[in-house]
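Engineer: Use the sequences and the hints to build the structure in full.
Chains as they are written, first to last, in the numbering used here: chain A, -16 to 403; chain B, -16 to 403.
Note that these hints are calculated values from the structure, not bench results. A portion of the hints provided could be inaccurate.
One copy or any two copies: either way a pair holds, since identical chains are not told apart in the list.
Once the Cα atoms are required to be at most 25 Å apart in a straight line, the calculated SDA-like pairs of lysine to any residue come out as [as the list claims (entries may be wrong)]:
no.	residue 1	residue 2
1	K61	A350
2	K(-2)	S401
3	K173	G125
4	K(-2)	M397
For reference, the chains in residue letters:
2 protein chains.
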Amino acid sequence: MSSLLITDVALVDGKEPTHIYVEDGSVQELGRKVDADHTIDGRGCAALPGLVNAHTHAAMVLLRGYGDDMVLQDWLAKRIWPAEANLTGDDIYWGTRLACLEMVRTGTTAFADMYFFGPRMADAAHDAGLRAVISEGFIDLGDEERREANIMATEATTRHIRQMGDPRVVPSVGPHAIYTVSPAGWEWVKDYSSDEDLLVHTHLAETEREVIDCHSEHGTSPPGLLERFGVLERPMLAAHCVHLSDEDVALMGQRGVAAVHNPVSNMKLAVAGVMPWSDLAGAGAHPVLGTDGAASNNSLDMFETMKSAALLQKLGGDPTSLPAREVLEAATHGGAQALGLPGGRIAQGEAADIILVNMEIIGMIPAHDLASNLVYAGAGHAVTATICDGNVLMEGGVIPDETEVLGRGLQVAMDLVSRG
Amino acid sequence: MSSLLITDVALVDGKEPTHIYVEDGSVQELGRKVDADHTIDGRGCAALPGLVNAHTHAAMVLLRGYGDDMVLQDWLAKRIWPAEANLTGDDIYWGTRLACLEMVRTGTTAFADMYFFGPRMADAAHDAGLRAVISEGFIDLGDEERREANIMATEATTRHIRQMGDPRVVPSVGPHAIYTVSPAGWEWVKDYSSDEDLLVHTHLAETEREVIDCHSEHGTSPPGLLERFGVLERPMLAAHCVHLSDEDVALMGQRGVAAVHNPVSNMKLAVAGVMPWSDLAGAGAHPVLGTDGAASNNSLDMFETMKSAALLQKLGGDPTSLPAREVLEAATHGGAQALGLPGGRIAQGEAADIILVNMEIIGMIPAHDLASNLVYAGAGHAVTATICDGNVLMEGGVIPDETEVLGRGLQVAMDLVSRG
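Structural biologist: What follows is the structure, encoded as structure tokens:
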């Protein structure tokens, strides 16, 4: 692997621009101009750890804008499910590549993905050069035959990823939600994730309906039910976490759950609540950030998600909630920790997942506070370079295979809905 | 004035790409390729009417990121007011130019501005080539001497703008709010706006505190107080309108007030409420969109504001609230109507305020629905051309005087805070 030097780049809370020397996928030195195989001029730019999108359904980018402003049940029944019924492995591969292209362009270097055709999701993440935690979506709806099929698909995905041997791409288990996975399914998830040492990635307490139904069917809340199944003892990535009681928050804190705030999707799908970020953090849980799928966002730009999260947490009445530096930390180091991946810090010995953001463009001037500008005035389009594991995936805004991926992505998207 | 042809461009709800021929500042023909002095290739782009930012404080872009995540009173007392006390006319001119640069870059062709040194605000809007409604901020705090000074400043701004003779830049009256302007001040505002035929631009019902104080001091709500002063009979642009009773909504509907939703600023400043968009529209008022100043946003990108508005209106529980086409209409034709300006439609005989948006970039593919993509996946950086009154202000993403304005803007911003 070749060496890389980024010169004269600003760091958040750094006093003066500095130099970053990268070798073997890691930051080897900060501050000294070391001769390297390749040099990127960082003047006018800020360097950030690569952003971590802790909850998405990458290939749903194929359905971006395919049914907005609709009632949830109509949207699912009339648009999403009919289209999803026709998905092929090739759709998933090119859809995930298209999503990865958008992530590289907007500064995301790692993502947690839950969807179908896990091996093709993994192939796409590998070919794009990103870090990814891949979950085959597990939905048994109480049906034993479906459960067996889900188990086989999850096992096949894990095997495929382990055979791939790309340390950047790791398997996880993806039980969809408490209302789509049976107790027997959760039992298997718990055992399998434990035997195979995998993260559990699920949706939790997204709507009030889920909470009401859970209480009436199981006599407890969604987090209470997962605790009953013993699955909260596993490392867990729980998306949404909007409708939580104080007891739920305390439980999730005690279990150290990573709670993924998806502010844009939550507003767009009208979940009628806001994830209690500071309560969760105070209790010991780990709030992080995700975009959700592009069908319910409709962007994968984590800069937009950072700003939306900071804004939505403030709306209730406290303008000091979720300040810029805390958002940046959650979107970088917090996300990497939650996904069990390296990255998230620009420091000696840390993984070289680094993005450069042009701070001298219209909309970013003046820069009285670098962190504020990144969160409140920044946007994915300001990213000029994206480096993952020491590999330069984008430089000067150029991604080598952009044209091919855009073309193939568009083709499969249009073909998919024509079949729907 | 030279003629202009835009070729092969998509229109929202248009079936096939078409051609737009512009002469004398107006759209003369749609659909036919007419020979013109200048041609812009619109392939891959959508044409939208220029966006209208119905409430901002343009020169506050100088204070972008200067004190975020703070309690309102601290922010005002420790950051904004000390800096504003040092503002000079040159600061205002270059600050407004910097803001106009950002507006041109992100597709805004008209704005309603309220700040200080009105003649310099007007000069900057004129030099930038944008349409603007200029209000000299009127704040008398019950003090007669201040009131006289405000009256003189407002009159001077009106005179200056009328002498300028630029039909794109028009004066208005800018009483800051019910809690900063005395009854005598409002009396003068009503008479002056009537005598001079001017729009009244104010802040209204932004915080619960304002409503509580108004009831205890005046025995009525903020809109009720303006009705008492007779000023609701004037054409009015009322920013924020967050904390309204049903009676307030009915009154504002009856008076046809233009209510400016500022979703980003409202969340960031934690106003603890959401403008009741559909109630206001249903009652006969005119909900439109604004960014507020960049100190409380921190962007002037109306694409972000369109998406934030659509999201925030949905959050409460109805995902069909404020759909994409309604947002686009409010941000274009609705805004132009509210400001009393031409523009807002791409049709024969209408003013040629037109922007081109690149629909073939990463993040906009696929495009199952053009309106959805513009609102939910669009962003100011996707704008490639901005045309106001038939004049091309940006083409191919290039604004001729960008470097000078960025440089001067940065200089006055840093100088301003060093004096603070």
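Engineer: Please go over all the hints and tell whether each is borne out by the structure.
Structural biologist: Outcome of the hint check:
With identical chains, the CA atoms of K61 and A350 are at most 25 Å apart between copies only, with a shortest distance of 18 Å across copies and 46 Å within one. Only between protomers do K(-2) and S401 lie at most 25 Å apart by alpha-carbon distance; the minimum there is 18 Å, versus 55 Å within a single protomer. Taking the closest pair of Cα atoms, K173 and G125 come within 25 Å of each other only inside a single copy of the chain (16 Å); across copies the shortest separation is 68 Å, beyond that limit. In this assembly of identical chains, K(-2) and M397 lie within 25 Å of each other by CA distance solely across copies; the values are 17 Å between and 49 Å within a copy.
The structure fails none of the hints (numbered hints given earlier).
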